[in-house]
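Trainee: Residue numbers (numbering that gives the first Met the number 0), protein chains in the order written: chain A, 0 to 201; chain F, 0 to 270.
Please note that the accuracy of each hint is not assured.
Pairs of lysine-lysine, DSSO-like flavour, derived with a Cα cap of 30 Å [unchecked claim]:
1) A:60 with A:43
2) A:135 with F:103
3) A:117 with F:210
4) A:117 with A:150
5) F:210 with A:88
6) A:120 with A:150
7) F:219 with F:41
8) F:79 with A:117
9) F:64 with A:140
10) F:41 with A:41
11) F:219 with A:60
12) F:41 with A:189
13) F:177 with A:117
14) F:41 with A:194
15) A:140 with F:177
I should point out that these hints are in silico values taken from the structure, not numbers from a laboratory.
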Amino acid sequence: MKWLFAGLAALCISIGAGAQEALAPDVLVRNVTSEVLDIVRKDKDIQSGSTRKAIDLVEAKVLPHFNFARMTQLAVARDWRQASPTQQKALTDEFRTLLVRTYSKALTEYRNQTIDFKPLKAQPADTDVRVRTEIKQSGAKAIELDYSLEKTAAGWKVYDIEVAGVSLVTNYRTSFANEVRDGGIDGLIKTLQAKNQSGEKK
Amino acid sequence: MQRENENESEAGNPLNRRLRILAVALAAAGMLGGCATSGNPKDPIEGFNRAMFAFNEGLDTVVIKPVSSAYDYVLPSPVKTGVANFFANIGDVFIAVNNLLQGKVPEAASDAGRFLVNTTIGLLGVLDVASDMGLEKHSEDFGQTFGRWGVGSGAYVVVPFFGPRTVRDTVGLILDVKTDPVGYVDHIPTRNTLYALRVVSDRAAMLPADKVIEEAALDKYSYIRDGYLQRRRNLIHDGNPPREQDAALEEDRKVAAGETMRPAGPLAAAR
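The following block holds chain A by itself, in its conformation from the complex:
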């Protein structure tokens, strides 16, 4: 009987994974957003600014849908080629931490704003799409929050987020390039590490 159980469990897992892959990018973004915001709405700690708890939430629910390696490449841009594989991995790890912290901080500032999901403008064959959403706010133009996703073997992965037209990824390009110019790739890694450590202490 045991083998049957194991077989069924394996089947369930593979179906689960398959279903995840099959999700259209806009459906994926909508599901993850709703799930995460539902949790934030009920969690008094996150609302009162507990970044630690928000980070745990982001790591569990959001992080699996992000392609941090590509995000880091986009931010480091031309200098990426001169980084060794070890340096590339260090850059990706540090940048991931920084982005997760930033994203989590933004979640602690969430106050029941309504989010509108715009209809997806894409062809079924597209492998690179932009999912547009809007955060409604009173007394001002809605804030656009756009996700760029690419299709991978493991499903759709987010590789860029734009807030009001400002990419959270490419906005780092100039400062990253300056760091590399002044201290090389290792200089950039050190700066990122220092930034993440100072964030940890707060």
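With chain A's structure known, arrange chain F on it following the hints.
Mentor: Okay, now just chain F, sitting in the frame of chain A:
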């Protein structure tokens, strides 16, 4: 007699004084531009800008932020929303004019409609009834109008009191201030109260963003500068900037990923 009165009211208006300071600062910036060196072509007067940025940050830390935080803490949300809506409604007149100047007639009509609905049914703009009716709020100003007309942005400038701009947007700002409906309020104490209240209300709305920027930025100055430049480009194109930048990104990615069309997993990318 007539002349004297005019001069008096000019001097008594803090905004006119500010504009004069602005003009002096810009002239100074222009001179500094000759000698200051910076690697960034978009920010040739970075030295001057960083100094102005520090000045604005200091002013914010000492005066504007504490007052806005108190305002944010003390007042109930509906009141803050009402105040924000009131100023947003005044802004709609001016947004309509700018949309018209950009030839976006349906948008201009919608803005005018917003103003009519919100001023009447929305009790002088305190309630944003128009948004509930589906009339979307826009964001326009003279800087965007010039951009739409094809005027290049010029160098990045941090303007004292007003913050990040480009040369084009600074000229736009002068017109923005000149045509600001609040500036036409004759009763000076009322006018100044409105100016102050608007600054506080706008700043209070920015408080959450503050914390996120602190968390995100390696260097706050360049994070805000690059964000501002991206944001303006996006606004001028009403949320759909040309994809040229994306093409450059794509190129970088292909090179970085070793010309692969297959999706790179975290490990594949590190190899």
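Trainee: Confirm or reject each hint.
Mentor: Status of the hints after comparison with the structure:
no., hint, verdict
1, A:60 with A:43, "18 Å, holds"
2, A:135 with F:103, "23 Å, holds"
3, A:117 with F:210, "28 Å, holds"
4, A:117 with A:150, "20 Å, holds"
5, F:210 with A:88, "28 Å, holds"
6, A:120 with A:150, "15 Å, holds"
7, F:219 with F:41, "17 Å, holds"
8, F:79 with A:117, "28 Å, holds"
9, F:64 with A:140, "22 Å, holds"
10, F:41 with A:41, "45 Å, violated"
11, F:219 with A:60, "29 Å, holds"
12, F:41 with A:189, "27 Å, holds"
13, F:177 with A:117, "37 Å, violated"
14, F:41 with A:194, "26 Å, holds"
15, A:140 with F:177, "23 Å, holds"
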